[in-house]
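Fit chain V to the known structure of chain G by using the hints.
Protein chains in written order, with UniProt numbering: chain G, 1 to 267; chain V, 1 to 357.
It should be emphasised that the hints constitute simulated quantities derived from the structure, not laboratory data. Hints should not be assumed to be uniformly reliable.
[Claimed, not checked] Cβ pair distances, simulated, as ranges:
#, chain 1, residue 1, chain 2, residue 2, range
1, V, E55, G, L98, 50 to 60 Å
2, V, I17, G, Y251, 20 to 30 Å
3, G, D39, V, T328, 28 to 38 Å
4, V, S157, G, L10, 52 to 62 Å
5, G, E155, V, K339, 51 to 61 Å
6, G, I119, V, K273, 19 to 29 Å
7, G, L175, V, E55, 46 to 56 Å
8, G, M120, V, K340, 27 to 37 Å
9, G, F202, V, L342, 23 to 33 Å
10, G, Y251, V, T14, 14 to 24 Å
11, G, L175, V, N101, 54 to 64 Å
12, G, S229, V, D207, 30 to 40 Å
13, G, D39, V, G152, 20 to 30 Å
Ideal placement from N, C-alpha and C gives every residue a C-beta, glycine not left out.
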Amino acid sequence: MRKNGKLSNLYLIIVFIILYAPIFYLTYYSFNSGGTMHDFERFTWEWYKEVFHDTRLFIIVLNTLIVALLAAGISTVLGVIGAIAISNVRRNRTRNTLLSLNNVLIVSPDVIIGASFLIMFTMIGIKLGFISVLISHIAFSVPIVVIMVLPKLQEMSPTLVDAAKDLGASRWDVLSKVVLPFITPGIFAGFFMALTYSLDDFAVTFFVTGNGFSTLSVEIYSMARQGISLTINALSTLIFLFTMVLVVGYYFIAQRNNKAAGMGVRK
Amino acid sequence: MKKLLRTFIIIFVTAFILMFVVNRLNSSQGYGGGNTLTIYNWGDYIDPELIKEFEKETGMKVIYQTFDSNEAMMTKIEQGGTTYDLAVPSEYAIEKMKEENLLIPIDHSKLPNLKYINPKFMNLSFDPKNKYSVPYFWGTVGIVYNSEMLGGKKITSWNDLWDKNLKNQILLVDGAREVMGMGLNSLGYSLNDTNEQHLQQAKRKLDTLMPNVKAIVGDEIKMLLANEEAAVGVVWSGDAAEIMDENDKLDYVLPKEGTNLWFDNMVIPKTAKNVEGAHKFINFMLDPKHAAQNAEYVGYSTPNKKALAYLPKDISGDKRFYPTDKTTNKLEVYENLGKKMLAHYNELFLEFKMHSK
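Extracted from the complex, chain G is given alone in its bound form:
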């Protein structure tokens, strides 16, 4: 039994090394004065300085964040409404159909979503840029939020709502005091999923950017012809550190909340 535990630990360690190795490799060379991804010459901060001097790159990073935050926020609101609506549908067949339609959007390739958005935007005359990117990001995030929220809604016992109604709660009270608090974890999960989807989306964004608006993924891709400069390594390292800080911060907050919750009545 003990031996088995050691083996599984070893396996876990190997998996994690494989997962993190590319990131560390990239970080390592972001300090290379040689300017290439081979032959480490000398240690330098040059590329980091360049990141902070390059206003254009900085604007692109901010754009990426703005789109991600707005798209995730809006699509969470829409997705929660959608999930509640779907779970309220009485007829089984209709509900399953709606759910399948939702899932089709999740599995359909990004390239096709992007291309169809491009065609639609140009047809109805929306200028490509911030708005077009935001709309398409919202569009592909909503189904994901729905999928994350629905299980929580199904988990919730219908007697809970009945009890609230019996005690004289209005429909708004039921929604705001019973349903939403219950599905909050699902909502946050949906929000963060949408956020990451939006942050790293390339295929859809690639089609619908234009007019001076660009996101990080598209920008990095278009550098490929001339070889990607180490500035990108530096930037990626910074973003990686930033997400690490966020995750660790989230972990501590969650732990504190758990402790507080453990003392109360709630499980």
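Below, chain V without anything else, positioned relative to chain G:
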């Protein structure tokens, strides 16, 4: 509910604060006003200093956007919804864009600096009289090789690649026209040949090259060659310059049977809002000093005759990148072969790729 509401308010407020920051940054950079010029170019294909200088000189603000392939650029312009004032496609793309009416004719009277362009690069088959395009950079397809790894052997022609000693030593770019062209050239045919027999012959000859081919790769070919993963590579001259910068054991050669001559030209797409500014920018880039500065930064060859005088001797005198007229006369520009023929080229190339060793 309260917690949810609070979190989402924070999220939206953060987003709007960021938007405000971007707005301020944009206006501090001078974007956003009406006086802008949007340039659509390949990634890292211009000296950023030149953009700054142009902005200072004209008071216009330049928005520089990048694309990674002619096809991507064309799709964006074709679909509309963009306001690119200037783009830099390659010659075959210009021909296609012309056919699809995506370009605005260029007013030569606004380009006094056009006279500095070497006449050799003007009035070419893809755009007679340069009605729609002005040369930006040009180059060739050739062979990069590492003579140290080949034991001091020199390569001078396409046919040298068929040498038995080169087993598993050659990297090829993943381009149907480039590789098929190599096959056709090695047999002495034109790389725009459409004769079915010649094409089959070229394909058969390429098949016999397969034992020597290590891989057919994309942009990573630069890195692989610089790292000495293979001794020989078939690449574009601009890439070759970059590879040789990183590894000085490498040399670039134009095969004596002839090869491809390519151009990236400046055009004004029909989506342009600032046609006046676009002309100004073209004229600015045609200035010999600016052209020389740009060529030194990017590493590709400039078509500007006068600019050569401003380039360091070791660049302008480099016969590999500025070959003599005698050599360039042998080089061929890709012609638009039409959809059907192009598909045939692609098919033959695919068959070649699938040919087992």
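Quick rundown of the hints versus the structure:
{"no.": "1", "hint": "V:E55 / G:L98: 50 to 60 Å", "verdict": "53 Å, holds"}
{"no.": "2", "hint": "V:I17 / G:Y251: 20 to 30 Å", "verdict": "25 Å, holds"}
{"no.": "3", "hint": "G:D39 / V:T328: 28 to 38 Å", "verdict": "35 Å, holds"}
{"no.": "4", "hint": "V:S157 / G:L10: 52 to 62 Å", "verdict": "55 Å, holds"}
{"no.": "5", "hint": "G:E155 / V:K339: 51 to 61 Å", "verdict": "56 Å, holds"}
{"no.": "6", "hint": "G:I119 / V:K273: 19 to 29 Å", "verdict": "23 Å, holds"}
{"no.": "7", "hint": "G:L175 / V:E55: 46 to 56 Å", "verdict": "54 Å, holds"}
{"no.": "8", "hint": "G:M120 / V:K340: 27 to 37 Å", "verdict": "31 Å, holds"}
{"no.": "9", "hint": "G:F202 / V:L342: 23 to 33 Å", "verdict": "27 Å, holds"}
{"no.": "10", "hint": "G:Y251 / V:T14: 14 to 24 Å", "verdict": "21 Å, holds"}
{"no.": "11", "hint": "G:L175 / V:N101: 54 to 64 Å", "verdict": "55 Å, holds"}
{"no.": "12", "hint": "G:S229 / V:D207: 30 to 40 Å", "verdict": "39 Å, holds"}
{"no.": "13", "hint": "G:D39 / V:G152: 20 to 30 Å", "verdict": "24 Å, holds"}
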